[in-house]
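Undergrad: Heads up: the protein sequence lines correspond to chains A and B, in order. If you're matching positions, the first sequence starts at 1021 in this note's numbering and goes up one per residue. If you're matching positions, the second sequence starts at 1453 in this note's numbering and goes up one per residue.
Source of the hints: derived by calculation from the structure; they are not laboratory data. Heads up, some of the hints might be wrong.
Stated by the list, open to error - Pairs of lysine-lysine, DSS-like flavour, derived with a Cα cap of 27 Å:
1) B:K1596 / B:K1740
2) B:K1480 / B:K1455
3) B:K1480 / B:K1587
4) B:K1596 / B:K1526
5) B:K1740 / A:K1105
6) B:K1526 / B:K1455
7) B:K1563 / A:K1201
8) B:K1563 / B:K1526
9) B:K1587 / A:K1201
Predicted model only: the values in this text are computed from it and were never measured.
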Amino acid sequence: MQIFNLADADQGFIDEVEARSHQNVKNCYQCGNCTAGCPYTFVYDYSVSQIMRLVQTGQKDAILKCRSIWLCGSCQSCTTRCPNKIDVARVMDVCRHMAREEGYATERSVKIFADSFLESVERHGRAYELGLMASYMTRSGRVFTDVDLAPQVLMRGKLPFKPHPIQGREQVARIFERFRKGGKNA
Amino acid sequence: MLKVAYYPGCSGQGTSLEYDTSTRAVCKALDVELMDIPDWSCCGSSPAHTVNHVLSAALSARNLAQVEAMGMTKAATPCPSCLTNLRTASHKMDDPEFKDKVNALLDVPCKNSVDTQSVLQVLAENVDPELIKGKVVKPLTGIKIACYYGCIMNRPPEVMRFDHHENPMAMDNLMALLGAEVVPFPLKVECCGASYGIPRGDIVATLSGKLLDASRDVGADAIVTACPLCQMNLDLRQGQINDALRENFRIPVFYYTQLLGYALGIDRAELGFEKLCVDPRLALGRIKQPQQAM
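Using the sequences and the hints given, assemble the complete structure.
TA: Put into structure tokens, the structure is as follows:
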């Protein structure tokens, strides 16, 4: 069993999670309904109700270092079933944003996939599936990812070889540029 | 004739091409006019909202502004992931402060006047079931179907505002109307593993494996879905799932629009059954010929 020192509570962290998620985490009374419905618990280091408790008690380090926040699939089961109407999936998302901003990447491949995807959108205006796969494989070093699927996908014409750049791709690129200038306060 | 702005979504140009073509074909047959949003861009999908909510909303809102420029207030998309992003952006922009932050990232500001729905919702709420029934030339009699909605088309209910969040019925009702035998499927809204297929294939194998297992348990000949990512995980990755779980699933996974189009007698070229990875012929063969079905 892991023991957390409640005297170590980082009140600034609690406030920031609440402000950025627009949720009152104090409303969580640990019923465990979110965890009962969460399909991802089997790969989590902390279950979603434990994450809520760690946020409530201001355990910033434990949260930002953990695996769970990177593996949440945003399936909305927790949010839908919370008896106190806490948007739990949004709290998970905000914790992931904060972990990213502080340079954590506990599930490195998940972060690289998201980065590759957004890079593709920034460049073409739309997601270009083949290009983002190539980028993911290069950056992650996992060059054999899904090669077993290549014959099926290519034979059925499921992956176009060329991106579909749009006319407004510079407008889309500017969204990213302005976002980077504004940082987390964008 | 009902007109809605149409957002195809990026996967409709690639991995779910057959969903896009079959959606267009069934809407045409049912007098729903889909007007393509000019120069639409990616909604940001899951990766954007895992990075920042303003960025995610801005990527979606660029498209909502394009719909506004068309002079329209109603949009539809076949993809639940796009739907979730477009609707969540609208929902969050109800807060003026959030809306200002979003518009600060955009060239053309978004007024937030567009209601985006799934194509399924448009069909379920605007097309008279009797009209659909009257147009059926090949009833789906004889095939057993498990309807799988995916996790986000109906959840959370405050944002999605369509059907029931634990037991949606829109596809069940539609498939039953076409003559199919709809089997009760307990995992209708459970997650398939979403976009973790590439970075964490083990997650998709476990979660999509559960769905395939449950559909086999209830005796389904096929699964019907409304989501490109669910369809890809269940169909394209079925071989990987079999390897990971030492299973032997061979369950075809259709888009609901493919079976609707089949029943309406739409040209097979537009339905794209040949794009499916798990061979659907055995399942389609269970459909009785019209004279036998009488």
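Undergrad: Run every hint past the structure and note whether it holds.
TA: Here's how the hints hold up against the structure:
1. For the hint pairing K1596 of chain B with K1740 of chain B, the CA-to-CA distance comes to about 12 Å; that is within 27 Å, so the pair holds.
2. For the suggested pair K1480 of chain B and K1455 of chain B, the alpha carbons sit about 11 Å apart, so the restraint of at most 27 Å is met.
3. Between the alpha carbons of K1480 of chain B and K1587 of chain B the distance comes to roughly 12 Å, so the proposed pair stays at or under 27 Å and holds.
4. Distance restraint check for K1596 of chain B and K1526 of chain B: the Cα-Cα separation of roughly 34 Å exceeds the 27 Å cut-off, and the hinted pair is therefore not satisfied.
5. Pair hint K1740 of chain B plus K1105 of chain A does not hold up; C-alpha atoms about 48 Å apart against a cutoff of 27 Å.
6. For the suggested pair K1526 of chain B and K1455 of chain B, the alpha carbons sit about 8 Å apart, so the restraint of at most 27 Å is met.
7. Pair hint K1563 of chain B plus K1201 of chain A holds up; C-alpha atoms about 23 Å apart against a cutoff of 27 Å.
8. A hinted pair counts as satisfied when its Cα atoms are at most 27 Å apart, and K1563 of chain B with K1526 of chain B qualifies at roughly 13 Å.
9. Only pairs whose Cα atoms come within 27 Å are accepted, and K1587 of chain B paired with K1201 of chain A is rejected, the gap being roughly 55 Å.
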